[in-house]
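Engineer: The primary structure of each chain is shown beneath.
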Amino acid sequence: MSDLRLAWRKGLNVVMLTLTGVAAFAVVAVLFLILGYLIWNGGKSLNWDFFTKLPKPVGETGGGMANAIVGSLKLLFLAAVIGLPVGLMAGVYLAEFGGKTFSFVTRYTTDLLNGVPSIVMGIFAYALVVLPVKHFSTVAGGVALAIMVVPVTVRSTEEFLRAVPASMREGSMALGASKWRTIARVVIPAASGGIITGMLLALARVAGETAPLLFTAFSNRYWSEGWSQPIASLPVMIYTYAIAPYEDWHRQAWAAGLVLLALVLLANLGCRLVLNRRGNYRSV
Amino acid sequence: MASAAQGKEMASRVVPKVRTGESGTASPVKEATLRFEISELDFFYGPKQAIFGLNLKIPKNRITALIGPSGCGKSTFLRTLNRMNETLRNTKVAGQILLDGQDILQMDVVKLRRRVGMVFQRPNPFPKSIYDNVAYGLRINGYKGRLDELVEHSLRRAALWDEVKDHLQKSAFALSGGQQQRLCIARALAVDPEVLLMDEPCSALDPVTTAKIEELMFQLKDSCTMAIVTHNMQQAARASDYTAFMLDGRLIEHSETPKLFTTPADARTEAYITGRFG
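Those sequence lines, one after another, are chains A and B. Start counting the first sequence at 1; every next residue gets the next number (this note's numbering). Start counting the second sequence at 1; every next residue gets the next number (this note's numbering).
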């Protein structure tokens, strides 16, 4: 009897270990499949023209997406400039100052906002920025992306600030520092690595968003001057080119996908390098 | 409040004494050398009372140890002395705490904390360099003088200078636990406090480092008044001049350290220091 039980337990152990292992492998496999496919197809079609030339008119082959690369960067810049400070401040409020009821409402709303489909965000930005001036613009696209950046930034900032031990705050307060000074000089620096990583993830997420840009930034086959013109972006270009009936456009869509991925990856790596060089003052 | 002479007489009796006040013995401390004078102190965490009518005098340039079992309110009491408890929500303090005759509850809290420094149970250096840790208190207080000199002076006072002088720009987290704790002491000393409150400063440290810190406390006595919470009775006996024994939020006994440990006046003190509870 007890031998049987033991055999059963051991068997179950092996089975479950195998199952979890297979699941983990499946996750990694899918990821590498996507990456490999993207690099294979995108790499084939990637050339110098892609980075330097404007799209060619319909029917002609060749050309590039220089305007869309710059456009994506401009849109991300706007999203960062508008969205990150708001997210950071709100996160600091929730972690350090918030009263009970208002914090609860804010936190709950932020989570809801995080779950709102991105196309709805697009409609919202459309109503807010596009309708009053009656034309698509870079600013409208930036606002749409910024709204999506905020909830992610708020929650990650809050989490990382909460992880800073209370004893560090007390150490600062005990020296006569005010609460704000403690937060600005001790708590935020202590959590800065995590906060910046959270911000990067938020930006990386919106970098690939297409839906909110469709009726805000729209698209543009030419260079977009200033901030009030419609502007091309990599995700929207991918969308347009992928559903077009031209082989050459499909090729370029793959290349755009690869470039988008590389941009996100490079930004991520760059930030990590800067963070590491700044010294390991973090406790974890 | 009974006079000092009376207090000595009472403390020297071996029998448990009967007094009306909750907070035990009359103070053994002479009036002229007082730094802190606490009377009828009550403290509440929300509806829960943690300190009951506590009376205590803390003498200048002496080390006062606070002992008692966990949860008896000694840390809470220590943290009322620089109003650290105000950083917690939903707390209430009643009674009077005089620092050199001034009521600290009426004082500006920033000024108070500059005069009354604190060292915590676990070393809590900031995520900055060794230098910036020590300079922090000076900078936030708007000190514009020769920072380098004061940082060195503070590190020397905390007996850490020789170990760190060659890598002041290194992260404070690179130091060992004992070094970190001495850095925290240096950081507190940098703003030149009159009082140093220490909340179990050695509980996370090994015996050798503990001995270093006790030696340090002894040297600081000339310039600083110290109050130390400790769970280590040997430490209280070794390092302090006066000892106060607390139980369930009440002060049971307060007298000169040798007296409290050799001839305690209260049966509960005796039971605690001989290890029968707590």
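Accuracy of the hints is not assured; some may be wrong.
As the list claims (entries may be wrong) - In silico DSS-like cross-links for lysine-lysine, where the CA-CA straight-line distance does not exceed 30 Å: (1) Lys111/B to Lys92/B; (2) Lys100/A to Lys221/B; (3) Lys44/A to Lys100/A; (4) Lys92/B to Lys60/B; (5) Lys56/A to Lys144/B; (6) Lys179/A to Lys48/B; (7) Lys212/B to Lys60/B; (8) Lys144/B to Lys221/B; (9) Lys221/B to Lys60/B; (10) Lys44/A to Lys56/A; (11) Lys56/A to Lys259/B; (12) Lys100/A to Lys48/B; (13) Lys92/B to Lys259/B; (14) Lys179/A to Lys111/B; (15) Lys56/A to Lys134/A; (16) Lys48/B to Lys92/B; (17) Lys144/B to Lys92/B; (18) Lys179/A to Lys259/B.
The hints are simulated quantities; they were obtained by calculation from the structure and are not laboratory data.
Engineer: Now look at each hint and say whether the structure bears it out.
Structural biologist: Against the structure, the hints:
1. Lys111/B to Lys92/B: holds (21 Å)
2. Lys100/A to Lys221/B: Roughly 44 Å separates the two Cα atoms, so the pair is violated.
3. Lys44/A to Lys100/A: The hint is violated at about 56 Å.
4. Lys92/B to Lys60/B: holds (27 Å)
5. Lys56/A to Lys144/B: violated (63 Å)
6. Lys179/A to Lys48/B: Holds - the C-alpha atoms of Lys48/B and Lys179/A are around 26 Å apart, at most 30 Å.
7. Lys212/B to Lys60/B: This hinted pair holds, its Cα atoms lying about 22 Å apart.
8. Lys144/B to Lys221/B: holds (28 Å)
9. Lys221/B to Lys60/B: Within the cut-off at roughly 9 Å; holds.
10. Lys44/A to Lys56/A: Distance ~19 Å between Lys44/A and Lys56/A Cα, so the pair holds.
11. Lys56/A to Lys259/B: With a Cα-Cα distance of about 96 Å, the restraint between Lys56/A and Lys259/B is violated, given a limit of 30 Å.
12. Lys100/A to Lys48/B: Cα-Cα ~20 Å, so holds.
13. Lys92/B to Lys259/B: violated (34 Å)
14. Lys179/A to Lys111/B: holds (15 Å)
15. Lys56/A to Lys134/A: holds (28 Å)
16. Lys48/B to Lys92/B: This hinted pair holds, its Cα atoms lying about 10 Å apart.
17. Lys144/B to Lys92/B: violated (37 Å)
18. Lys179/A to Lys259/B: violated (43 Å)
Checked against the numbered hints above, the structure breaks hints 2, 3, 5, 11, 13, 17, 18 and satisfies the rest.
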